[in-house]
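With chain A held as given, fit chain B onto it using these hints.
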Amino acid sequence: MQMQFSYEVKDSYAEVKSVGRLNMVAAPKLREVVNEVVASGSSRVVVNLAETDFMDSSGLGALIGCLKAARQAGGDLRIAGVQPQVKMVLELTNMDRVLTAYPSAEEAFGDD
Amino acid sequence: MVSPTPVRHAVVVEDDADIRGLLVLVLEQLDFVVTEAPDGLSGVEAVRTTNAELVTLDVNLPDIDGMEVCRRLREFSDAYILMLTARADEIDRLNGLDTGADDYINKPFSPKELQARIRALFRRARTPAAPAEDPHQSDELERAAVVQHSLLPRETVRLEGYDVAGAFRPTRSVGGDFYDWYQTRDGMHLTFADAMGKGMGAALIAATVRAVMRSVADTPAIFDAFSSASTTIASDLDQSGSFATMFHARLDSASGKLSYIDAGHGLALHIPAEGAAQRLVSAGPPVGILDGQHWPASELDLEPGDSLVIVSDGVLDAHDSLEDFMVNVEKAARSGDTSEDVCAALLELAPAATAEDDVTAVVVRRKPDATH
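The listed protein sequences correspond, in order, to chains A and B. Quick note, the first sequence lines up with residues 1 to 112 if you use the numbering used here. Quick note, the second sequence lines up with residues 1001 to 1372 if you use the numbering used here.
To be clear, the hints were calculated from the coordinates, so they are not data collected in a lab. Do not rely on the hints blindly, as some may be mistaken.
Covered by chain B, according to a simulated footprint, are these stretches of chain A (three or more residues, beta-carbon under 8 Å) [as the list claims (entries may be wrong)]:
(1) 18-24
(2) 61-72
(3) 95-102
For the chain B half of the interface with chain A, some residues (derived, Cβ under 8 Å), not all of them [stated by the list, open to error]:
(4) Gly-1197
(5) Ser-1215
(6) Val-1216
(7) Thr-1219
Just a sample of chain A residues kept apart from chain B, beta carbon distances all over 12 Å, derived [claimed, not checked]:
(8) Glu-8
(9) Val-9
(10) Gly-41
(11) Gly-75
(12) Pro-84
(13) Gln-85
Cβ coordinates follow ideal geometry from the N, Cα and C atoms, glycine included.
Excised from the complex, chain A in its bound form (with noise of 0.2 Å):
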């Protein structure tokens, strides 16, 4: 049985993995898993998009979203595995400057 949305609380960071369409429908969840994550105190979430070949602008909106939320409580979030359709809206939108993608959710905190 699979979900959308899962995660796995790693030593320095939270990784969710986003699976299937983030969409109008899919974003909502997306922003209840991450709020979880966050509340739990895991302020540091990579969102791992390596199974997500479409986003349109509410699963954009999520992402901020969960960016915000992160930011608030003192951590960050980052992406990790963009495929091709993800990163054409996030270079159209500009916002490849603002959400970081890494290759893999590993490397996503390996800086820091």
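Chain B in isolation, oriented as in the chain A frame:
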């Protein structure tokens, strides 16, 4: 495309065990992880637990019928739904109903045809998930639609030597798209924005954006006008946890000089009379994301025969790549005699049957024979 391939789940809702087995095989050949359901209620549950992307659904089931299953699925899922029916004449009837299904196929079916249909479904953009039929919510959606509609400019822009048109097609769920324009002493001002979200929240943010942008119309420099407006807008957006992509432009009609600021929109194109279309690159992220953000202004010369085309992301979402999008927008822009025709062609790029979002287009065309 790119590896690793994500796991895709499918649910087969079918009471006949033999047909069910066949459907499972057909879907497994397409690399779906398949869950079987012998009746409607267990089918709905299976879609909920597996978050399936595809559902094959028999119309006649022992408990609730296929139409009812569809309706329940659409309350939470945007999976592709393929309905199977044993009666050829029923397809016509189903097609006439707003069942929420994406395609219909006749039993007995050929596995090859079924696979081809499924591939076709996944190639096309997602159909809109039907909004919940909660009467309170539909009532609010109706009011949101009224707000959204009221934001569009009532006056037409009549500028000598220019043809200006806009078109807007809302979704049932009401998004945050809008455009606004007005004539000035020197030409015109134009704002094109998309507030993130759906329903009344998005419509109200759009209304704020429009009002604030209008309030800075008399500020002489576009940079100052946008800086001041975006600060006000951002504080409102922050409270609602939202953001808006914006494109704002000022045209000096005599010279054709267009100054513009793109805040995370990225879907404005300059289509020159001759030569390739250019996308106007965004100067920064959308409004409402970072504090203290400023967006530099850029300039563009609109020569006789050139067009400025701006579309919303609903048009982009209907394309597989930015290249395809550019090719089709340019083709549409060069297809019509009037800006109104071009707007209609642009809306067609995101067909109403499959568009998930609002679709909006604005075209400012400088006529080829512009003389004074």
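Problem set entry | Given coverage of the segment 95-102 of chain A by chain B, checked by CB-CB distance under 8 Å (3 or more) | holds (count 3)
For this session: Determine whether the non-interface label on A:Gln-85 survives the test: each CB of chain B must be over 12 Å from its CB.
Result: Non-interface label on A:Gln-85 violated, nearest chain B Cβ at 8 Å vs cutoff 12 Å.
For this session: Double-check B:Thr-1219 for me: the hint is only fine if its C-beta lies closer than 8 Å to a C-beta in chain A.
Result: Hint violated; B:Thr-1219 Cβ to chain A Cβ min 24 Å, cut 8 Å.
Exercise. Holds or violated: is the Cβ of A:Gly-41 farther than 12 Å from all Cβ atoms of chain B?
Worked result: holds, 22 Å
Problem set entry | Residues of the segment 61-72 of chain A with Cβ under 8 Å from chain B, three needed, outcome | Per the Cβ count (4), the hint holds.
Exercise. Taking a Cβ-to-Cβ distance below 8 Å as contact, does the segment 18-24 of chain A have at least three residues touching chain B?
Worked result: holds (count 5)
Problem set entry | Non-interface claim for A:Val-9, where every Cβ of chain B lies beyond 12 Å | holds, 22 Å
Exercise. Holds or violated: B:Ser-1215 as interface residue toward chain A, Cβ cutoff 8 Å?
Worked result: This interface hint is violated because 25 Å lies over the 8 Å limit.
Exercise. Does the claim that A:Pro-84 lies outside the interface with chain B hold up, using a Cβ gap greater than 12 Å?
Worked result: Check fails; 6 Å does not lie beyond 12 Å.
For this session: For the hint on B:Gly-1197, just tell me whether its beta-carbon gets within less than 8 Å of chain A.
Result: holds, 6 Å
Exercise. Are B:Val-1216 and chain A close enough, Cβ to Cβ, to be under 8 Å, as the hint says?
Worked result: violated, 22 Å
Problem set entry | Claimed clearance of chain B by A:Gly-75, with the beta carbon kept past 12 Å | holds, 17 Å
In terms of the numbered hints stated before, the structure departs from hints 5, 6, 7, 12 and 13, listed from lowest to highest.
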